[in-house]
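Protein sequences, first through last, are from chains A and B.
Mapping of the first sequence onto the numbering used here: residues 1 to 724, in sequence order.
Mapping of the second sequence onto the numbering used here: residues 1 to 724, in sequence order.
Worth flagging that the hints you see were computed from the coordinates, not collected in a lab.
Just so it is clear, the structure is predicted and the values come from calculations on it, not from any experiment.
Check before you lean on any hint, since a few could be wrong.
No copy is singled out in the list; a pair is fine if it fits within one copy or between any two copies.
What the hints assert, rightly or not - Under the rule of at most 25 angstroms between Cα atoms (straight-line distance), these lysine-lysine pairs were calculated in the PhoX-like manner:
1. K467 x K529
2. K124 x K541
3. K564 x K534
4. K556 x K108
5. K529 x K564
Number of protein chains: 2
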Amino acid sequence: MEISSSALRLPFLFLLVPLLLFFLLSPWNPLHNLSGGGDSAGRRAQFPPKSLTSISPPPAEPRSPPRNPLDPLTVGEIHRVRSILSSYQPFLRHFPSIQSMSLDEPDKSRVLGWKSGDPIPSRKAFVIALLDNQSHLLTIDLDSGRVETHEISSGSGYPMLTMEDVVAAVQTAVSYPELEASAAARGLSVANLSCISPSPGWFGPDEEGKRILKVLCFSKQGTPNFYMRPLEGLVMTVDVDRREVLQFSDTGKGIPIPGRANTDYRFRPGNKPPEMERINPISMEQPRGPSFTVTDGHLVKWANWEFHLKPDQRAGLVVSRVVVRDSETGAARSVMYKGFPSELFVPYMDADEGWYFKSYMDAGEFGLGATAMPLVPLNDCPRNAYYMDGIFVSADGQPFVQSNMICLFERYAGDAAWRHSELTVSSGGQELREARAKVTLVARMAASVGNYDYTFDWEFQTDGLIKITVSLSGMLMVKGTVHDNMNQVQNQDEMGPLVSENAIGVVHDHFITFHLDMDVDGPNNTFVKVNLVKEENVEGKTPRKSYLKPKRHVAKTEDDARIKLSLYDPSEFHVVNPSRMSRLGNPSGYKVVPGGNAASLLDHSDPPQLRSAFTNNQVIWVTPYNRSELWAGGLLVYQSHGDDTLDVWSQRNREIEDRDVVLWYTLGFHHVPCQEDFPVMPTVAASFQLKPVNFFERNPILTARPVFEEDLPVCRPSESASII
Amino acid sequence: MEISSSALRLPFLFLLVPLLLFFLLSPWNPLHNLSGGGDSAGRRAQFPPKSLTSISPPPAEPRSPPRNPLDPLTVGEIHRVRSILSSYQPFLRHFPSIQSMSLDEPDKSRVLGWKSGDPIPSRKAFVIALLDNQSHLLTIDLDSGRVETHEISSGSGYPMLTMEDVVAAVQTAVSYPELEASAAARGLSVANLSCISPSPGWFGPDEEGKRILKVLCFSKQGTPNFYMRPLEGLVMTVDVDRREVLQFSDTGKGIPIPGRANTDYRFRPGNKPPEMERINPISMEQPRGPSFTVTDGHLVKWANWEFHLKPDQRAGLVVSRVVVRDSETGAARSVMYKGFPSELFVPYMDADEGWYFKSYMDAGEFGLGATAMPLVPLNDCPRNAYYMDGIFVSADGQPFVQSNMICLFERYAGDAAWRHSELTVSSGGQELREARAKVTLVARMAASVGNYDYTFDWEFQTDGLIKITVSLSGMLMVKGTVHDNMNQVQNQDEMGPLVSENAIGVVHDHFITFHLDMDVDGPNNTFVKVNLVKEENVEGKTPRKSYLKPKRHVAKTEDDARIKLSLYDPSEFHVVNPSRMSRLGNPSGYKVVPGGNAASLLDHSDPPQLRSAFTNNQVIWVTPYNRSELWAGGLLVYQSHGDDTLDVWSQRNREIEDRDVVLWYTLGFHHVPCQEDFPVMPTVAASFQLKPVNFFERNPILTARPVFEEDLPVCRPSESASII
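Okay, chain A solo, but in the shape it has when bound (with noise of 0.2 angstroms):
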């Protein structure tokens, strides 16, 4: 009933992808059983060197038992479904491998009728494993120690990758015979290269009934950012289970290795610094420390907010319960009673060989939390930030803890909540400039799937609106070419510009669809589309011609709420509850505010879109609310087919106005890089909103305090303070 030590638990999160192949030739090599790294630590701590105090240790013990329904599994409920399975008469033979293990939530109706103090519903594992290349689904029930449900997936798709399937697939490639002629080729030998394992997607016949991954090598010489460095032309593709490498091509030895120069990112003390004046130190502070709670492990409690918070191996960050006070009543008032990102679509735009098949779906094939690496303190998240770890199971189906992932801190950004100024007379002549400055409280966590980082963060308003902001950083994936000027370039040839010199920044596309539960004062709403309408005016009545006039639809069946968005046929996308009226008899509701955004244009039967289907309709999908729908690109989406999606869901056309419904919004980017996002790219962000819609009887900050300066704290510089 322990949780791995330090020392054991460093291996997992050294497995993450992508996996380098030192490792694999190296003592540190977690499947051959050898530890290292006791010093991670140490090093973790040299930077930023006072910032660390607030990480917990991992837990000697294990942590106190859940208190909220919704709760993630803990450390003992892990080794105890371990165990469970372990005695489990259909894997007495074989352990399966664990390819995923998480809370099997009690259903809506139960949690939803939960209160604080009452003993939490039974307890329920939901596992997929892995075992003879079929996919098993098993619900587990903790209490009683049973397996309750049982079931072998005959769709399409395979289970989540684990660490060790991507170790597998590396080792594999990496033995094989040949590869130490490509690498020969180019000046190199195996030892030299890093290798990566990216999802093969899906192309027909030939790939199915078997778990694939394609291999992809690096040179690792002089930078520790291999990604600008491919070895192009060599694609690897290997059968996971059967440790088999399938197909082996190289079409790239005459096309040169990018060099390493200005590719390493990392800060030394001694590098040479942008040239631009010093900047001031800067901080966000509060002294008096922050203003929310986070009591029993999750459950989050600001101004007028309550959630529940929590990592999330597959969707990294959830929240659920999500809960606003009224502004005049005190009243807690349900939102949303789940959002997380549901899946994430990248699909690469260039035919080639090595190429075709990058259409990632990162949160059913690498996991979004499994690849939430720990936060770095003050560059990640602001000094006054609360740091939560995730719990998470390995292959073997032992917990281990990932640190930090998630960031919880206020925000003031000196922006204004509302503001008016004038000149008034009701007192007299007095100068009437009210404005209230606007306070906000984050959670962020950031995947590293690989090459991209994806910040998420959820924004909470006390005026009761939610931002959804996803940011992208991290490394471009570049194509080796001969070329090291645009000058040489025909016709526009490439698939994007020259980032660097023998490197192509493909253009690609990033699609992140959001799974919202919405619960506007309770489970039944309604999907309404608020149409701006151009209306005409009859010849005579006004010197005016024309004028937009809101039309209310409301869509009874999904087949209504398929949202395509346009400047020039605008709505507003209100999520309402037909049974609770304002006072003036407005129907309370939210609204989807979309911001920038992007919309897949590949052919619907690509199979990346087949996959995909989900960003068919960009930007909104409401369905009815169903337990089993969770994952927009399906459940098991590793080389699907594209029969359990979102979209398949909703072919149904089923009835939604008045019901439990759920909402599905995709934030989009296309991204045609530059050099700019060489080595690494500048943070780009995009967002939506939801916002309250008649759901306050009024502005819910009216009543709302300035800021005095008394009020703000009393601040002098650090002795050895220095530029940022």
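Mind docking chain B on chain A? Use the hints.
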């Protein structure tokens, strides 16, 4: 040569739209040359108590001479222009009304050739004066003391209103005998009214040949927020110059005035706060002070940026000569010659008599700077902000100070400028966790154009990105109605929802068109649309069926650069310097990155849309630089017929390739009101970005230093800190 004293200056501030009837009936009325308000400074100092120390008092002496060719007219220069005009022969009999007076900027080539230390080019003023219903356009040479050019406009529009125009119109209207009966029919006297003077738009021949204003009245009984209490159906059309009511219409005597309950938005220490937990004090702290400098009043230098920042009575805030330092060579490189909001178009969506004309063009009709009140320290801008005054001109040609109208501050909002997290082997198993805190510089002003508050932010990032944000707050323009519940409204008849009893929030749009004179590495630039085109693959070449390919289209003429945004035909929009190639052969460029946006859908022949035809393209136009093409709606916008808009200029379809070009971007909002917008709206923001694209050879902040704990300030709570 003295500026108006505080007592004289105050009336100008007090005269801003909306003008309140109080002044017309009280000794404060500046038209009666009464003085008052000597205690104003004391009043302002009451709130917040200690925060106004940075406010500069109005200068008793003329300011120091201008130091930069772009510096706005000084107090002394304004006096000198007035003196020159006073003795100018055509104005000897009658001194005209000075509708606007501003620096006539030297030719761009002169400015570009000027270096710090050089004598500044001869100073000239551009004056628009009104005399006998004619608009006189004059340039005055301050050195020679002569009127250099003098032209009488033959176009359709009138100049920007002065506060005296507004006073005259309101005074004329409230003196109109029938108003007493309209007030009495609603149980009020004229003394209970606040009247405002919206511009009339232009709707045909009846409205030509004279300057008119519409006057609307509200009850100010029991509230400073009279906007929420319209006398619906009452409209007075006033001839401003003849001081005559042309039309008096009152069709709303049966419509109740919405009540005053909950309309007051002022802070009172005894106010019941919203139902939420206390938020501990939070502040952006910079104990070593800001890192930027402002030299000679207007030249801002920060990190790698340098720009000229000045207040403008019409545009509000103008940034000029925006230069960024190359991250590697340190060389100063031009990005933009000039950027400012050129026009703000706000059409309301109601055809009724009292509403159809509401189609404001706030910059050209009222002035964004003229309506920019002092920012509220600690609430409009953070504690570390620096404030800048505007020196503007009143109708009599005298200068006045618009104090604290711009703030400038460094922002740290807790985000990362870039990040990557990984485990790597190149340093022997060291964990790689790199992130860099993002610090930016914000220049802000807020125009309170009557009911609405528009905050304009120019935010500069060290990675070369400029983010331009417009935030909306303030009051809705509400419409009185007999209804107090939506269940009384038939068939979606209303032009918006009830936001309070008897008050409809009328649907409306906001469009802010920015003038962006891009000079990327020099004046001559080319606009390139990088279109992402779906390519279908040749059967059998690869398993993929489709991908997106970037196709570059160089805009040869203006027609090629008229951009309507579409999610389904995506492009990037680059302004590149075809003569400056990166080492890789990519042209140096900046791209315009749209965010959330809205398009005007009014009929192109509808008068408001004719006049604001610059919003026909959503989002971009590109024009060749033309000194006279600054104002998208025309130089003289008031009652214009749309004969001098960006759309008209651009119909010439001029050549724009490798020329000095100006890019115009429109940021739009559709606003369907809701109860949360009552009685003052939570801030709504939208933005767009100017982002380097192959401008730098690589990520310009790659070598930036992370934040370390020892850099940060040491803070303690203030003794008296309270809730926010």
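Copy assignment of K124 with K541, given that the CA separation must stay at most 25 angstroms: neither (67 angstroms within a copy, 49 angstroms between copies)
Within, between, both or neither: K529, K564 at alpha-carbon 25 angstroms: both (12 angstroms within a copy, 23 angstroms between copies)
Status of K534 relative to K564 across identical chains (alpha carbons, at most 25 angstroms): So K564 and K534 pass the 25 angstroms test inside a copy (19 angstroms) and across (18 angstroms) alike.
Within, between, both or neither, where K556 and K108 count as close if Cα-Cα is 25 angstroms or less: within (23 angstroms within a copy, 60 angstroms between copies)
Alpha-carbon proximity between K467 and K529, which holds within one copy, between copies, both or neither at 25 angstroms: within (20 angstroms within a copy, 31 angstroms between copies)
Comparing the model with each numbered hint stated earlier shows that hint 2 is the single one that does not hold.
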